[in-house]
Amino acid sequence: MAELDRKKAPKFQEITDIGFQLPEKKKLSNGIPVFQYNLGSQELVKVEFVFEAGTKYQLKPLVASFANAMLKEGTQKKNSLEIAHAIDYYGAFLETEVNSDFGTVSLYTLNKHLGKVLPILKEILTESVFPKKEFEQKLSIKKQKFVINQEKVETLASVDFSKLIYKGTKYAQHTELSSFDNISVEDSRKFYEEFYNLNNAQIFVAGKIDSSFILFLEDLFGKEQLEKKRSEFSIGESTYLSSTHSILKPDAIQTSFRIGKPTISLGHPDFSKLKVMNTIFGGYFGSRLMTNIREEKGYTYGIGSALMSKIDGTSHIIYTEVGKEVTQLALNEIRKEIHTLQNELVSEEELTKVKNYMLGSLLQNTDGAFDMLERFKSLHYHNLPNNYYTQYMSDIHATNSQDILKLAQTYLNELTIVAAGSVKVK
Amino acid sequence: MIEFVKHTLKNGLRVLIHPDNSTPIVTINTVFDVGAKDEDENRTGFAHLFEHLMFGGSIHIPEFDGPLQNVGGQNNAFTSNDITNYYLTLPKQNIETGLWLESDRMLSLAFTTESLEVQRSVVIEEFKQRYLNQPYGDVWLLLRPLAYSTHPYKWATIGKEVSHIEDAKMEEVKAFFYKHYTPQNAILSIAGDVKPDEIIELVEKWYGTIPAGNKYNRNLPKEPKQTEARFLEVKRNVPQNALYKAWHMCNRLHADYYAFDLLSDILSRGNSSRLYQELVKEKELFTEIGAYQMGSMENGLFIVSGKVKEGITMDKANEAIEKCLESLSHELVEEQELTKVKNKVESTDTFGHINGLNKAMRIGYFELLGNADLANEEMKKYEQVSAEDLRRITTESIIPSNCSTLYYLAEKKN
Chain A
430 MAELDRKKAP
440 KFQEITDIGF
450 QLPEKKKLSN
460 GIPVFQYNLG
470 SQELVKVEFV
480 FEAGTKYQLK
490 PLVASFANAM
500 LKEGTQKKNS
510 LEIAHAIDYY
520 GAFLETEVNS
530 DFGTVSLYTL
540 NKHLGKVLPI
550 LKEILTESVF
560 PKKEFEQKLS
570 IKKQKFVINQ
580 EKVETLASVD
590 FSKLIYKGTK
600 YAQHTELSSF
610 DNISVEDSRK
620 FYEEFYNLNN
630 AQIFVAGKID
640 SSFILFLEDL
650 FGKEQLEKKR
660 SEFSIGESTY
670 LSSTHSILKP
680 DAIQTSFRIG
690 KPTISLGHPD
700 FSKLKVMNTI
710 FGGYFGSRLM
720 TNIREEKGYT
730 YGIGSALMSK
740 IDGTSHIIYT
750 EVGKEVTQLA
760 LNEIRKEIHT
770 LQNELVSEEE
780 LTKVKNYMLG
790 SLLQNTDGAF
800 DMLERFKSLH
810 YHNLPNNYYT
820 QYMSDIHATN
830 SQDILKLAQT
840 YLNELTIVAA
850 GSVKVK
Chain G
843 MIEFVKHTLK
853 NGLRVLIHPD
863 NSTPIVTINT
873 VFDVGAKDED
883 ENRTGFAHLF
893 EHLMFGGSIH
903 IPEFDGPLQN
913 VGGQNNAFTS
923 NDITNYYLTL
933 PKQNIETGLW
943 LESDRMLSLA
953 FTTESLEVQR
963 SVVIEEFKQR
973 YLNQPYGDVW
983 LLLRPLAYST
993 HPYKWATIGK
1003 EVSHIEDAKM
1013 EEVKAFFYKH
1023 YTPQNAILSI
1033 AGDVKPDEII
1043 ELVEKWYGTI
1053 PAGNKYNRNL
1063 PKEPKQTEAR
1073 FLEVKRNVPQ
1083 NALYKAWHMC
1093 NRLHADYYAF
1103 DLLSDILSRG
1113 NSSRLYQELV
1123 KEKELFTEIG
1133 AYQMGSMENG
1143 LFIVSGKVKE
1153 GITMDKANEA
1163 IEKCLESLSH
1173 ELVEEQELTK
1183 VKNKVESTDT
1193 FGHINGLNKA
1203 MRIGYFELLG
1213 NADLANEEMK
1223 KYEQVSAEDL
1233 RRITTESIIP
1243 SNCSTLYYLA
1253 EKKN
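Sequence lines, in order, name chains A and G.
Just so you know, the first sequence maps onto residues 430 to 855 in our numbering.
Just so you know, the second sequence maps onto residues 843 to 1256 in our numbering.
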C-alpha cells in the first residue's frame, strides 16, 4: 500500500443539487391555507399556525407580545393550569412566539397524541379569555426580566441599533421601563381579537402524516366562519441617517458593537451576491472579521456580520463584544476590513471556499421536513418564486471578485455605529 | 432506536456507524474521554483552552476550518467537566475530507506559539463575556466550590480564575495532548447515508496508523459525604435577588439517575409543574424557577434555582422551596403526574431522533460511559421509575444536611 500523504486533501465533489422540495398545498373549506411536508421516519408532527401579528402591527410596545403570550393563560373552558396540564400530560410542546412580523403558535407532538392535543390548540386560538390576574403576573415577571436584560451591554447596543436603523418605520418601536405601566389586558385582548383571527392564519405542517391528517384539520378548523377584522397596514417611511452612538455603562468590562445600515431585501437582484460578500466579510467562522479580530488579534470571543431580513425591510449588521481596553482598536480593524473589501479583489481561492461553504450550508439547512418548512416559509412570506433556491445557487456560482468589490463599495458605506460599554468610540 | 455498527481499530479507537439514508448530510463526531475534571487544580480551564487549540492547525494541515468549509462542511466543539466533544457535518460525498482533517489532529497538533497566544486571549474574552460581564454570570464559579470540597467538579469548565489561562505554557499544552488525545481515549461516531464497510475502510486508512499512546487511568479524589448544610451569601450589581440550591446525587450510570431526572421534571418541566404552579403562580414568591440535575458522569448535583420576586425575603423564598420538596418525601406522586413526565421524556427522545448530529453524539457519549447500547435502553429505565422511587430519593438526598444554598443578592444602588 502506498504511503498515506496526509498533506494532500482528498478529492471532493461540489454541491450541485439540494433536496429542497415544495410542500403540498391545500386549503380548508373556509379558505385557510395549509402547507404540509409529509417526510421523516419518526412518528411525530409539528403543526404551526402563523399569524400576521408581529410587533409592527401594535400601536404601543408590549401589546403584540402579550397577545401572543396570553394565549396559554386561559380559555372559556380551561384555566392556565388546565391548559398546561392537558399539553404536558401528552408529552406535547406548545410554543408561542412573536417577532416583528409574525405571531406564531406551534404544537409539537407524537402522532399518537395528536387527537388529544390539537383540539387544545384550537381552543386557545378561538376561545382565549385573557384573565386579568394572569396578565398582571406575566407583566411583573416580564418587567423583571427586562430590567435584568438592561444590564447587558449587548441588549443596550442592539436596542439602540434597531431604533436608529429603522427610524421612521414601525420596526423602530422599542420597549422602555415605562411601557410596562402603559399597557392593559384590554389592549392585548383587542390585539388578539383583531390579529389572532383564523382569517389571518396560515397553517404549516411537517412530520410523518397520512391522508387522515388534513381531514382532522378540516374538522377542527375548516368549519369556522371567517370574518375579516384587520385594518390596513403600512410600515412607514424610513428616515434613516447614519450616525455614531456611544452608550455608557461605567462598570462594563466589554464593549458591545452593533454596526450597520438598512439594505436591500431578499427579492432584489443583488441580494444573493450581497450574501456572498457578507459571508466573506463576516458570515462564517473563516470570515475576514473572525480571522482578523478573533483568530489573529484575540480581541473577542466572537464577531460576525449578517443580513437580517424582515418582511418590510432588511438590515446589514456587524455584531461583537470586545474587551474594553481594545474597543477603539477593534473598531479600527473593522473599518480596515471594510476598506480592504472595497479596494482589493478577493482571491479566487477565498471566493471558491466561500461559495462551497454557502452551498454546503444551504444543503444543511434544507435537511429534513422541519428545515425545509423554514426555508419554504421564507419564500412564501417574501413572495419569492418557487425556484428561488435554484436561482440562489446559480447566483452564488456566478459571483466573481469584481462583483464583490462593487458590492462592498455600494453597500458598505454610511454605516451607523453603536457602542455600549465603559468607553467612548471615535 | 439508533441502530449502529461497532468496530475497534488496533490502536484502540472505537468507531460507531449509524446508517441513515434520509439525509444528504453526514456527521462525524469525536468524543475524547477528558474534561475539566482531569485538570490540575492549579491549571484549571485547560481542557477547554485545549479545545480551542484543536482548531489551530495540525501536524500536516496548517488550518482546520478552511479545508472543511471548502467542501461545504461546518464544525464546532464543546467541553464539559466530563468530556471534550468535536463534531463536524458535511455533504455525504465529501466525508473523506472530514476524516482526513479529524485524523490528522488526533495524530498531532502543530503546536504553534501564535495559536496558543491568540486562543489564550480568545478564551479570556470568553471568560469575561460569559462569566464576568453577565448578570449572574459567576454563579457556577461560586456554587461549585460550595457544593464540592474535594472532587474536581469544584471548578467550572472555564476554569477557577483567569490567571490559570494566562499562565498556561506550551510544554503543558503538549503534555496534555499526549496524555489525553490518544485513539484509546477517543470514540468516533458517524451518522448519515453511509455503508458501514466503506466507512470502516476509510477510518482504517486515516486513523489506523495513529500510535495508540498510553492509556490514561483516571484516579480522581473522592468527594466526602456532606453532613451539614452549607450556605453562602454574596452581593452583586444585579437587579434582582436570586436563590440557588444544590444537593448531591448519584452518578450517570446509577439506577436512581432516572428517578432524579424525573423528579426535576415533576418540579419544573412545563407550566403544569409543581414549582412553577406553587411558587410562581399561586404564591407569587418567584418570577422564575427551575429544577434540573447536572447530568454528570460522576456523582452529580440536583439543582433548584430561581429569581426571587421583589419584596419577598430570601428566607421566605428558601423555606417555600424546602416545603415544596419536603412534601415529595411524605406523599407519593400520583400515577397521572408520573405518566405525564414519562410521556414528556418519550416525546423528547423521539424528537431527538430526527437529527443526525444528535444521534451520533448520543451513541458516542454512551459508548464512553461504557456501552453504546445504553443509548437505546434509557427509555426502559425511565419507564421503570416508580412513585416510591421518587419518594425514596427525596427522603434520602433532598435534605438540608446534603444541601448547599447560595443567596445571590442585589446590591442596593444609591
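No lab work stands behind these hints: they were computed from the structure.
From the three backbone atoms N, C-alpha and C, an ideal C-beta is built for every residue, glycine too.
Certain hints may be false.
[Stated by the list, open to error] A short, non-exhaustive set of chain A residues, derived as facing chain G with CB atoms under 7 Å: (1) P691; (2) L788; (3) N794; (4) D796.
[To be verified] Think about it this way: if two alpha-carbon atoms lie no more than 25 Å apart in a straight line, the pair counts; the simulated BS3-like pairs of lysine-lysine are: (5) K475/A / K454/A; (6) K507/A / K1123/G; (7) K561/A / K1151/G; (8) K562/A / K1016/G; (9) K489/A / K581/A.
Restraint: N794/A near chain G, CB-CB cut 7 Å. Satisfied or not?
violated, 10 Å
Measure nothing beyond the straight line between the CA atoms of K562/A and K1016/G; if it is 25 Å or shorter, mark the hint as holding.
The hint is violated at about 61 Å.
Would the stated hint for P691/A survive a check requiring a Cβ distance to chain G of less than 7 Å?
violated, 28 Å
25 Å limit on alpha-carbon distance, applied to hinted pair K561/A and K1151/G
holds, 19 Å
For K489/A and K581/A, compute the direct alpha-carbon distance and say whether it is at most 25 Å.
holds, 24 Å
Pair hint outcome, K507/A versus K1123/G [Cα-Cα no greater than 25 Å]
The given pair, whose Cα atoms are some 16 Å apart, holds under the 25 Å limit.
Any CB of chain G closer than 7 Å to the CB of L788/A?
holds, 6 Å
Between K475/A and K454/A, does the CA-CA distance stay at or below 25 Å?
holds, 16 Å
How about D796/A: closest beta carbon in chain G under 7 Å, or not?
At about 5 Å, which falls below the 7 Å cut-off, the nearest Cβ of chain G leaves the hint on D796/A intact, so it holds.
Hint compliance for this structure: hints 1, 3, 8 are not met, and every other hint is.
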